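Visitor: Please construct the entire structure, taking both the sequences and the accompanying hints into account.
So the protein sequences, as listed, match chains X and V. Going by full-length UniProt numbering, the first sequence opens with residue 1, and the numbers climb by one from there. Going by full-length UniProt numbering, the second sequence opens with residue 1, and the numbers climb by one from there.
Hint data in this document are derived by calculation from the structure and do not stem from the laboratory. None of these values were measured; they are calculated from a predicted model.
Reference listing, derived: stretches of chain X covered by chain V, where coverage requires no fewer than 3 residues with Cβ under 8 Å from a Cβ of chain V: (1) 181 to 189; (2) 246 to 260; (3) 281 to 291; (4) 295 to 307; (5) 323 to 332; (6) 335 to 345.
Just so you know, even glycine gets a beta-carbon here, dropped at the ideal spot from N, CA and C.
Listed below, chain by chain, are the residues.
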Amino acid sequence: MATNARSAQLDRGVDEPLPGPLRRLHIDAPLLVALLGLCGFGLMVLYSASDQSPAAVERQLLRLGIAFGLMLAIAQITPNRLRHWSPALFVAGCIMLIAVLVVGEVGKGAQRWLDLGFIRFQPSELLKLAVPMAVAWILAARPLPPSHGRILMAAIITMIPVVLIAKQPDLGTSLLVASAGVMVLFIAGLSWRMIGALVIVAAAAAPLLWFGMHDYQRERVLTFLNPQSDPLGSGYHIIQSQIAIGSGGISGKGWLNGTQSHLEFLPERNTDFIFAVIGEEFGFAGILALLAIYLFIILRGLVIASRAQDNYGRLLAGGLTMVFFVYVFVNTGMVTGLLPVVGVPLPLISYGGTSMVTLMIGFGMIMSIETHRKRVRI
Amino acid sequence: MLESGFQDRKREQRMIATRATIAALLVILALGVLVARLLHLQVERHEHFSVLSQDNRVKIQPIPPTRGLIYDANGVLLAENHPSFSLEITIEKVPDLDATIAALSHIIPIDAKDRARFTRLKRQRMRFQGVPIRLNLTPAEVARFSVNGHRFPGVDVRAELVRAYPLGPYTAHVLGYVGRINERELKRIDARNYAGTHFIGKGGIEKAHEDLLHGQVGHQQVEVNARGRVLRTLESQPPVPGRDLSLYLDINLQRATTDILGERRGAIVAIDPRNGGVLALVSQPSFDPNLFVEGISQKDYHALLYSPDKPLFNRAIRGQYPPGSTVKPFVGLAGLLEGTVNAQSKSYCPGYFTLPGHSHRFRCWRRGGHGQVDLHAAMAESCDVYFYDLAHKLGIDRLHARLAEFGFGTPTGVDLAGELGGLLPSREWKQRVRNQPWFPGETLIIGIGQGAYLATPLQLAAATATLANHGHFIAPRVVRASRASETPQRTPEEPLPLVDHQIQVEDQAHWDTVIDSMVAVIEDRRGTARKIRSPDYRIAGKTGTAQVFSIGQGERYDADTVPERLKDHALFVAFAPVEDPRIAVAVVIENGGSGSATAAPIARRVIDAYLGGEPLPPEEEERRDGN
Numbered sequence: 001m002a003t004n005a006r007s008a009q010l011d012r013g014v015d016e017p018l019p020g021p022l023r024r025l026h027i028d029a030p031l032l033v034a035l036l037g038l039c040g041f042g043l044m045v046l047y048s049a050s051d052q053s054p055a056a057v058e059r060q061l062l063r064l065g066i067a068f069g070l071m072l073a074i075a076q077i078t079p080n081r082l083r084h085w086s087p088a089l090f091v092a093g094c095i096m097l098i099a100v101l102v103v104g105e106v107g108k109g110a111q112r113w114l115d116l117g118f119i120r121f122q123p124s125e126l127l128k129l130a131v132p133m134a135v136a137w138i139l140a141a142r143p144l145p146p147s148h149g150r151i152l153m154a155a156i157i158t159m160i161p162v163v164l165i166a167k168q169p170d171l172g173t174s175l176l177v178a179s180a181g182v183m184v185l186f187i188a189g190l191s192w193r194m195i196g197a198l199v200i201v202a203a204a205a206a207p208l209l210w211f212g213m214h215d216y217q218r219e220r221v222l223t224f225l226n227p228q229s230d231p232l233g234s235g236y237h238i239i240q241s242q243i244a245i246g247s248g249g250i251s252g253k254g255w256l257n258g259t260q261s262h263l264e265f266l267p268e269r270n271t272d273f274i275f276a277v278i279g280e281e282f283g284f285a286g287i288l289a290l291l292a293i294y295l296f297i298i299l300r301g302l303v304i305a306s307r308a309q310d311n312y313g314r315l316l317a318g319g320l321t322m323v324f325f326v327y328v329f330v331n332t333g334m335v336t337g338l339l340p341v342v343g344v345p346l347p348l349i350s351y352g353g354t355s356m357v358t359l360m361i362g363f364g365m366i367m368s369i370e371t372h373r374k375r376v377r378i
Numbered sequence: 001m002l003e004s005g006f007q008d009r010k011r012e013q014r015m016i017a018t019r020a021t022i023a024a025l026l027v028i029l030a031l032g033v034l035v036a037r038l039l040h041l042q043v044e045r046h047e048h049f050s051v052l053s054q055d056n057r058v059k060i061q062p063i064p065p066t067r068g069l070i071y072d073a074n075g076v077l078l079a080e081n082h083p084s085f086s087l088e089i090t091i092e093k094v095p096d097l098d099a100t101i102a103a104l105s106h107i108i109p110i111d112a113k114d115r116a117r118f119t120r121l122k123r124q125r126m127r128f129q130g131v132p133i134r135l136n137l138t139p140a141e142v143a144r145f146s147v148n149g150h151r152f153p154g155v156d157v158r159a160e161l162v163r164a165y166p167l168g169p170y171t172a173h174v175l176g177y178v179g180r181i182n183e184r185e186l187k188r189i190d191a192r193n194y195a196g197t198h199f200i201g202k203g204g205i206e207k208a209h210e211d212l213l214h215g216q217v218g219h220q221q222v223e224v225n226a227r228g229r230v231l232r233t234l235e236s237q238p239p240v241p242g243r244d245l246s247l248y249l250d251i252n253l254q255r256a257t258t259d260i261l262g263e264r265r266g267a268i269v270a271i272d273p274r275n276g277g278v279l280a281l282v283s284q285p286s287f288d289p290n291l292f293v294e295g296i297s298q299k300d301y302h303a304l305l306y307s308p309d310k311p312l313f314n315r316a317i318r319g320q321y322p323p324g325s326t327v328k329p330f331v332g333l334a335g336l337l338e339g340t341v342n343a344q345s346k347s348y349c350p351g352y353f354t355l356p357g358h359s360h361r362f363r364c365w366r367r368g369g370h371g372q373v374d375l376h377a378a379m380a381e382s383c384d385v386y387f388y389d390l391a392h393k394l395g396i397d398r399l400h401a402r403l404a405e406f407g408f409g410t411p412t413g414v415d416l417a418g419e420l421g422g423l424l425p426s427r428e429w430k431q432r433v434r435n436q437p438w439f440p441g442e443t444l445i446i447g448i449g450q451g452a453y454l455a456t457p458l459q460l461a462a463a464t465a466t467l468a469n470h471g472h473f474i475a476p477r478v479v480r481a482s483r484a485s486e487t488p489q490r491t492p493e494e495p496l497p498l499v500d501h502q503i504q505v506e507d508q509a510h511w512d513t514v515i516d517s518m519v520a521v522i523e524d525r526r527g528t529a530r531k532i533r534s535p536d537y538r539i540a541g542k543t544g545t546a547q548v549f550s551i552g553q554g555e556r557y558d559a560d561t562v563p564e565r566l567k568d569h570a571l572f573v574a575f576a577p578v579e580d581p582r583i584a585v586a587v588v589i590e591n592g593g594s595g596s597a598t599a600a601p602i603a604r605r606v607i608d609a610y611l612g613g614e615p616l617p618p619e620e621e622e623r624r625d626g627n
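Guide: See the structure below:
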């Protein structure tokens, strides 16, 4: 009875404004505006990076349309339902990963694709969502901060797909998936002592990781440490992208005027290295503007996480947001020479559909968490 | 229970909010690091990267100038440039050379000769310079490669202008040839001006006039992509083509002279005395200069190099022969100029000459002697004793000085590469080279053009022309003028400078005295070259027979028993017409026997070919009619 009364009181919800039309569609307006701005800017850069190919822009626009559609659709699903689906989705994802290793198609020297007859897709992308969902589900089932047992379960849940993806081999995605698990744990209040232990374990595991690496992966790390050692070979990407960014200066060479990119000195300029095109054509000022949009989206995600209705929503929103940040940082760090070359696209700007769809589904979940809040005063 | 659960949830939310805040701070920190990195790249090191980016895209390419053409006196093209397609490999850009060549040979025939040349040229190349694997591609081969070209990075078809000499061996010793620049030449040339040039003159005119023929390199700044493909030209400075050269050489005479000389080893030089222009310059045997342009094969080269006939040896300017009796006109003139003799002075020839107080007999070619001879008779019959006597009276110092005025002992300064200067012995030379004093007997030998005395056919022709000119020495020249090529309007020719000097004499009549005596060589009843007398014009000339080895005292020279290579060289110098000299000729036939029998008729036919006289009747071989 008391519970009912309390519920009634909670349900009244006094501090929330009346829902607007966007809110009724389960859209978070600030996030939507920032995402649209980001994607618009991305299309502009892509037009330049693809040597002014309207076809490339059209295809990207189509993908964006699908991705935004999926985002809106996911936003309609309540966080509760997402939580119920979490374990099943995770198990399905792991089965598909195993299937990829057994029967998957080889592309660019790695087994990543699964052909389901009507669609080809990368199960590892699904795990970028399934892992934070599953970890959030495990941790939210008990009070926070998590017990040692829960942490261990979360770690196991994270490591199974990470190892499977690393075997494809796809080091970039497996690191992103691992970071998803770690980020959820961090938001969940993993004790600082545990964080310290994790860092030490990671440092100790680094040599083991080295011996487990493929030759090309080792080469990337070595090249990162000294790109000049092979300027026309493996160091070429890094050197040319730094030349592109550096020659952009403060105000850039102007849209469509980047010589590094248009004369094909810059490899993969409309996918993983598109950030260098921005640096060359829009300069330091343009990059600051881009980073500001990214920062806004991340901060908005963290705000949503911190005021979500339940722990599952908080952990999922926070985890997805931080994965988005890891995406941004790994890509920009790689292109500017701060990090080794890892095949991670620049979120929502690089040409290509897979990661964009995954990301937008993630933002759909974040919007769902924000907009399905019952009007509660705590 | 409920309250505590509520409290727990509040605490959980606060804890998560704290974590979210920490996460936000971490994000800001990480982005701060990124911004710092970007400041470093885009602000601090902007200049550095700007330069790198500029270097990346802008390449400066040299545009080689077109080599000047060479025309003969009648405007006949002697050296031209043919467009030619070659297949080149830039070795630095090819990962596996052997595999690339193997794959290439499936679409374009590459034989062992091509591979050998490739291996040879590979060693001499400059870095990042293409090395030809195949030359003279047919249009079909070019098309076949273009279709498959994308499979061969670092392999390109290059169109270039290749030198061609349409008259081949006829002009080889005059024009020289061009060949690929070798390492030694690389050190000598202005690398900037030769940046795009692959060929350089290797001999003859091609080498001597390299500066005129080559031109000035041009440049273009081009924008290239990462694969080095030129996308557009930003700026260009066109090259200045090499200048076209017009020669004094008359190709008709050159061909006729070559054919007259035929299979014999020897050289003929014909000069126009009025301007020093070389009308014909022949050295036989010759070779095909076109073989050298794209790199001659080792086998062909060895065949030329080690042939006993030495076809690569330019006898006309590098062959140094004892001039023999052909120096007698100059020695006679020296006697007249120095006042040692006059036209009437006589010597008695008993068949030999002895120095006072010595027993050694310096023999005349006619064992019975010529009796009393003056200059006129001594010249016509080529009496050695008269000239022994004259040389002895002159002494080596005056003789040397007078002969040097005609250009003996120093290169004439002709505009051909590699000319040698012969040897005009002197007291000073003997002391310096042999560390011995001069002996009077040597002066006598010099007086008949033997001993250490050596002269090139070109020197003999130049000296003869000087005689025809009454002492006006003009350094022989092959090139008459140069002209800027490829200009819309034909630009005026610029004549090349002339180097000359006048031999000072007090009495001009001395010239005529000597020339008259030379006319007697042909026109006199007893003249040594009386067989070549022409009804159309008068020739002044002098026969010469040069010993290849010394005949001991009391021995006789017998042409039938002497091996071919030790037979005497046959010489003849002449100019015609005597009244208005238009051609001066020097003929040297190696081991040809006597000047009168072998060399004189050849000279006559050369003069006929130029002046258009009635041809000489078929050769009547006559052995040892005179010296």
